[in-house]
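The chain contents come next:
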Amino acid sequence: MAAIDPANPLSGSRRLRRRNSVDRLMLGGATAAAVFAVVLLAIIVYTVVQHGASQISISFLTKDQAVGLGVVGGGIANAILGSALLVAVATAIALPLGVLIALYLTEFASPRTARPVRLALDLLNGMPSIVIGVFVFGLVVVAHGESGLAGSLALAIIMLPLLARTTGEMLLLVPQELRDAAYALGVSRWRTIVGIVLPGALGGILTGAILAIARAAGETAPLLLTTSLFSTSTTSVNFFGQAIPNIPIDIFNYSESGFPADHARAWGAALVLITLILVGNLIARAMLARQRRMMSR
Amino acid sequence: MSVTPAAARLPARRHLADRLGDRLLLALTIFGAVVAMAVIALIIEQLISGASPSISKFGIGFLWHTTWNPSLSAGVVNANVYGAGALIFGTLVTSVISLVIAVPLAVAIGLYLSLLAHGRTATVIGPLVELLAAIPSVILGLWGIIVLAPIMHSTIEPALHSVLGFIPIFGAPSQTGLGLFTAGVVLAIMVLPIIASISRDLFLTVPNELKDGALAMGATRWEMIRGVVLDSTRPGLAAATILGLSRALGEAIAVTQVIGAGSIISGNLFNTGDTIPSRIAEQFIGATSKLQTASLFYAAVILLAMEIIANLAAQLIVWRYERRAGVVR
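Chains as they are written, first to last, in our numbering: chain A, 34 to 330; chain B, 10 to 338.
Quick caveat, the hints were computed from the structure, so don't treat them as lab data. We put the CB at the ideal spot given by N, CA and C, even for glycine. Wrong hints could be hidden among the right ones.
To be verified - Derived list of chain B stretches under chain A, where covered just means 3 residues or more per stretch with a C-beta under 8 angstroms from a C-beta of chain A:
1. 54-60
2. 65-76
3. 119-125
4. 192-206
5. 259-265
6. 299-311
Unchecked claim - Computed beta-carbon distance windows for the label pairs:
7. G68/B x F273/A: 37 to 45 angstroms
8. I76/A x P177/B: 51 to 59 angstroms
9. A294/A x A322/B: 24 to 32 angstroms
10. Q184/B x G178/A: 33 to 41 angstroms
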């Protein structure tokens with residue numbers, strides 16, 4: 034190899050040096066990309082905190098909204114309550130169904146009967162949330178008008194595939210030996226599932242539920258078509274007949290407005306929402322890490 | 010041991026309860042599975058029936074006609090005529106922009122998390138990247154309007170225009186920072202964590218023997234990554250990209266907030282435009298005629314078709330790859 038430098042024979046050839054610098058460049062680029070993503074998250078969260086913190090006060094959290102855009106004052110209490118109600122009802126619809134679907138897939142279905150169900154879940158998971166909004170609009174709103182129930186129904190459809198998938202993963206983690214042991218003692222199938230399999234996976238199912246709730250709480254598109262025409266000043270109690278105020282639609286309406294006071298309110302509401310969602314995610318992750326440790330022990 | 014009649018009857022009764030319980034649970038779980046499939050069928054049925062007035066009026070030409078005019082007043086040319094051409098264009102362009110930006114970054118992040126980061130760092134950075142996916146789109150859109158758009162307007166668009174201006178797609182910068190390009194950037198932020206976490210999981214499945222083999226042959230780490238890791242996971246990366254695409258195609262709210270609601274097809278990425286989901290979000294509630302609502306339903310049908318095709322394509326890639334690799338599920 035002629036490229037070796039006679040003055041410094043231990044240094045690599047020019048080709049090797051080039052290969053090494055390409056190596057460093059590419060690996061450095063990969064590290065930089067990861068740092069970039071974390072910085073991006075930090076910037077977005079920081080902006081929300083920076084703009085939103087000055088809005089947060091007792092009255093912002095406890096007062097109902099001011100009437101009309103551009104008006105100073107008012108809070109988001111009715112939107113917080115409304116969002117909680119919408120997500121709670123959606124969870125009540127989707128969680129039992131999601132668990133049943135997961136049970137069917139892991140405990141009962143043969144590979145052939147499982148395939149169409151899995152395909153349906155994949156398609157539901159990839160379904161744009163606005164399409165789900167249009168669907169619920171056609172199904173419910175055309176005939177009965179906007180209502181909290183319609184909003185919850187849309188959110189439930191979004192949560193269903195998430196819940197079914199996380200629950201399914203957790204059911205698979207329950208050791209087969211536990212099931213076999215129960216069967217060997219003569220315990221029937223349903224008692225095994227209800228008494229052994231489900232309690233074993235309970236922690237994981239709850240974790241999945243928290244993640245799905247955090248996802249649903251921030252969904253805006255389906256609510257826009259199902260529960261967005263609410264009167265901003267009153268806390269609506271008619272869940273089945275009226276649109277329910279909620280945080281995502283508030284942020285959306287305020288962000289589209291031209292008044293600075295509305296932008297400020299949008300940031301305040303965004304801070305409340307992002308705090309709830311990030312806290313929910315962190316709790317779920319901590320629970321998941323603990324369960325993994327316990328399972329692997 | 011002699012069996013008393015009472016003791017003999019007890020197991021029999023439990024037997025009946027067990028059989029009934031088994032049947033009941035099976036029926037319930039089948040009910041759940043049927044609901045999941047029925048929802049898909051119902052969605053398709055509802056969308057098509059809602060779109061039918063528009064389908065029968067505009068037919069297949071809806072796909073390429075670019076007039077979208079909800080005006081009802083007499084004397085207006087093309088009043089109450091709808092076509093999704095410009096929307097389909099906007100949907101595809103913003104999605105492609107987002108993938109061009111996000112895929113290289115996401116693959117790099119996946120490489121970092123799976124191969125380069127040491128235990129502790131990876132367990133911190135990985136979840137942080139995934140938290141990016143948890144930020145609601147409406148908040149990302151708000152950030153896009155108030156923080157990103159001014160920066161795009163004042164710095165990034167002029168810079169791209171002055172350096173790459175000879176390519177027509179980097180035309181004159183926008184007036185407000187709102188437009189196709191800004192929408193693509195916001196979408197890139199949304200799909201980045203999705204593709205990154207899938208590619209990390211993919212890279213973790215590459216057998217150590219292969220990687221060590223390449224390194225033992227004297228390859229640098231990058232050469233090992235290019236020749237072994239990226240090469241063996243190429244189908245998976247394609248599927249991950251399609252999943253990212255399907256997310257970008259369907260995003261409504263964040264795009265509505267930053268795209269500027271234009272309605273023409275323009276080669277300049279800095280101009281305003283609109284996508285199918287964002288047009289639905291803008292006009293659905295305020296629709297003034299039955300035909301406009303039906304046309305929005307029609308647009309939703311097109312979006313749904315795009316989603317289903319993307320989803321099935323991703324599954325087909327994975328399925329073919331697994332069959333060739335001899336993986337038995």
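Tested hints:
Given a C-beta distance limit of less than 8 angstroms, the hint that chain A covers the stretch 54-60 of chain B holds, as 4 residues qualify and 3 suffice. Given a C-beta distance limit of less than 8 angstroms, the hint that chain A covers the stretch 65-76 of chain B is violated, as 0 residues qualify and 3 are needed. Counting residues of the stretch 119-125 of chain B whose C-beta sits closer than 8 angstroms to any C-beta of chain A gives 4, which meets the bar of three, so the coverage hint holds. Figure legend: the stretch 192-206 of chain B, annotated as covered by chain A; annotation consistent (4 residues with Cβ-Cβ distances under 8 angstroms, at least 3 required).
Residue count for the stretch 259-265 of chain B with a Cβ under 8 angstroms from a Cβ of chain A: 4. That meets the three needed, and the coverage hint holds. Restraint check on the stretch 299-311 of chain B versus chain A: 3 residues with Cβ-Cβ distances below 8 angstroms, three needed, restraint holds. Distance hint check for G68/B and F273/A: the Cβ-Cβ separation is about 39 angstroms, which falls inside the suggested range of 37 to 45 angstroms. Distance hint for I76/A and P177/B: a CB-CB separation of about 32 angstroms, inconsistent with the stated range 51 to 59 angstroms.
Against the hinted window of 24 to 32 angstroms, the Cβ-Cβ separation of A294/A and A322/B comes to about 47 angstroms, which falls outside the hint. Take Q184/B and G178/A: their Cβ atoms lie about 39 angstroms apart, and the range 33 to 41 angstroms holds.
The structure shown violates the earlier hints numbered 2, 8 and 9.
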